[in-house]
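Novice: Work out the full structure, taking the sequences as your base and the hints as a guide.
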Amino acid sequence: MAIVGNYNIKLGSFKQLSLIDKNADKEAKNIDFTAGRSVAVLINDKLAGIFILRDKVRSDSKKALEELKKRGIKPIMLTGDNRRTAEAVAKEVGLKGKVISIHDFNDKTDVNDLAGIADVLPEDKLKMVKLFQKDGYIVGMTGDGVNDAPALKQAEVGIAVSNAADVAKRSGKMVLLEDGLTPIVKILDAGHRVYQRMTTWSLTKLSRTAELTMLLTFGYLCFNYIPMALNAMVIYTIMNNMVTMMIGTDNTHITYKPESWNMLKLAKIAFSLAAGWTVIGFGFVWYLVSHHYAQGTVSTMVYVYLVLSAMLIVLITRTRKFFWQSAPSKSVAIVQIIDVLLTFALALLGLAMTQISFANLGLTIIVALIAAIIIDLFYQPIMKNK
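Numbering-wise (the numbering used here), the sequence shown opens with residue -12 and increments by one.
A hint or two may mislead.
When the alpha-carbon atoms are kept at most 30 Å apart in a straight line, the in silico DSS-like pairs for lysine-lysine are as follows [as the list claims (entries may be wrong)]:
| # | residue 1 | residue 2 |
| --- | --- | --- |
| 1 | Lys2 | Lys57 |
| 2 | Lys56 | Lys13 |
| 3 | Lys43 | Lys156 |
Beta-carbon label-pair distances, calculated as ranges [stated by the list, open to error]:
| # | residue 1 | residue 2 | range |
| --- | --- | --- | --- |
| 4 | Thr236 | Ile39 | 49 to 55 Å |
| 5 | Asn150 | Ile324 | 44 to 50 Å |
| 6 | Met161 | Phe309 | 34 to 40 Å |
| 7 | Gly(-1) | Asp122 | 32 to 38 Å |
FYI, nobody ran anything at the bench for these hints, they're computed from the structure. Quantities reported herein were computed from a predicted structural model and do not represent experimental measurements. Heads up, the beta-carbon is just placed ideally off N, CA and C, and yes, glycines get one too.
Specialist: Here's what the structure looks like:
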């Protein structure tokens, strides 16, 4: 309020000032209050004008929110604006659902039906975060102001935007370095990539170790000798580790749903993979022994089979498609090709192991490829339901 000469000027919310000028509602009947926040001007307690103020919605906000929804995120807008303004903004950015006032929110309100909550005060944001958490939701919160700091700290994922106040940045779990919501999509995708690479590494490591242990153990128990020479085991380990180091650079495919880490379930899947490779590998060894292949030849062919199975396990576990439908990264592909070519060279030239013929090498390759196809046919349904 200000007094200028003979004029008493009041500036404030139209809703509040309309209580002073009883004719204000009638005079403002053609005003579109959904366009933004309404600020009225009274001169000597008579309506003189109305300003409609609103923040400009970023051009990329709608697309960013669509991408978040694809990834299993339920965006809900919390705003201090009135319900009509909030409804207009929600419609503009593509949020579907009801927009209600914070005063209408109660225990019976279904969060999944909401697009936004209006008339929210700073202290209400913290209450809403706690309420969502109490209902079992993992809550992400974005904010920029000092008043947002408590809610940012309370949320599992508090995100301070790029222009946030220092206290908001310190309260959040992460700080965006770019404007808008698009960086949040990038963060989610980065998390999916890390998770998928960890999954590939874990499945690969567990299944290859179990396969090697079971195949050599059963081979010794049935045939009275370990069906792979010690020097071949050392080379096999080196070959495996070369590929393992490259998994962190592999291509990934974004899954549009939240992931959860379940080591017990991964161990069961890895054991299933190892069991499949072991059964087929043991049948292969049985065939070689029953057809009177020399122990040295059996050792080299088992070595080639294990190296090929290790390379194929990486290709199978890195994607939820069939392994021939998804190409690995350039680094992984190069290391795998080097490993396979080096393995073939050692086997054919008899370096550090018994030499085998092209025919025996071809037989081993065919067995490994057939095993990979059979195992992948069973593996894909398991991973899609994981």
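Novice: State the violated hints by number, sorted upward, taking the hints as numbered earlier in the document.
Specialist: The structure breaks hints 1 and 2; every other hint is satisfied.
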